[in-house]
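S.K.: Once you've looked at the hints, dock chain B against the given chain A.
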Amino acid sequence: QKEVEQDPGPLSVPEGAIVSLNCTYSNSAFQYFMWYRQYSRKGPELLMYTYSSGNKEDGRFTAQVDKSSKYISLFIRDSQPSDSATYLCASAGSYQLTFGKGTKLSVIP
Amino acid sequence: NAGVTQTPKFQVLKTGQSMTLQCAQDMNHNSMYWYRQDPGMGLRLIYYSASEGTTDKGEVPNGYNVSRLNKREFSLRLESAAPSQTSVYFCASSVAGGNNSPLHFGNGTRLTVT
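If you read the protein sequences in the order shown, they are chains A and B.
With the working numbering, the residue at position 7 of the first sequence is 7, and numbering never jumps.
With the working numbering, the residue at position 1 of the second sequence is 1, and numbering never jumps.
Hints should not be assumed to be uniformly reliable.
What the hints assert, rightly or not - Derived SDA-like pairs: lysine to any residue, alpha-carbon spacing no greater than 20 Å straight-line:
no., chain 1, residue 1, chain 2, residue 2
1, B, Lys14, B, Asn30
2, B, Lys57, B, Asn30
3, A, Lys42, B, Thr7
4, A, Lys42, B, Arg110
5, A, Lys104, B, Gly42
6, B, Lys71, B, Glu52
Because the hints were derived from the structure by calculation, they are not lab data.
Chain A with its partners taken away, still in its complex shape (with noise of 0.2 Å):
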């Protein structure tokens, strides 16, 4: 099993949409989630970085950590085609970041 685990999607949704990108990991000694976003032919950006649980909010962006499910979440609100792009989650796995496989999303004027 894979530590990190994101369905890949793909996922449309209509411009406005609350999206919700989701990811479970297996590591329990993992404390540091970050999330990327990878426009075609580009190379991954951060966009949401958070340590242990909670929530962390930025601009439409809200990334949501829940440890005692091994659950990770991005809600993006107000989806804009902009958004249309893979999002990555990945967790800290000893000294290397571990990623998941991506979820490419769709954002349809």
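M.R.: Coordinates of chain B only, in the frame set by chain A:
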């Protein structure tokens, strides 16, 4: 501000040929990484360098070698390319190693081995 720069952007190789992928960062980061990204497999770590002068294997190191030339530059070499190495290769850097230092990625090298 260039960030992480990778060259070349595209490359086509024949089986058995060799090549070196170049990576440079201008953020004064200590740690650098090489990943490959394949459909359905996600990002997988090939090698990393925690600091200048050190390198370590990641999840999928076979068929690759690396050199940390100086603090700025970290190269990835394929000595004898195989079709299984067809992939998109990303270089990344971070302020420090460890699990709490976000990665900054380049825009990738798209490699095809025929």
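S.K.: Please go over all the hints and tell whether each is borne out by the structure.
M.R.: Do the hints match the structure? See the list:
1. B:Lys14 x B:Asn30: Violated: B:Lys14 and B:Asn30 sit about 34 Å apart, past 20 Å.
2. B:Lys57 x B:Asn30: Within the cut-off at roughly 17 Å; holds.
3. A:Lys42 x B:Thr7: Given pair A:Lys42, B:Thr7 holds - Cα atoms ~14 Å apart, limit 20 Å.
4. A:Lys42 x B:Arg110: Roughly 11 Å between the alpha carbons, so the hint for A:Lys42 and B:Arg110 holds.
5. A:Lys104 x B:Gly42: holds (12 Å)
6. B:Lys71 x B:Glu52: holds (5 Å)
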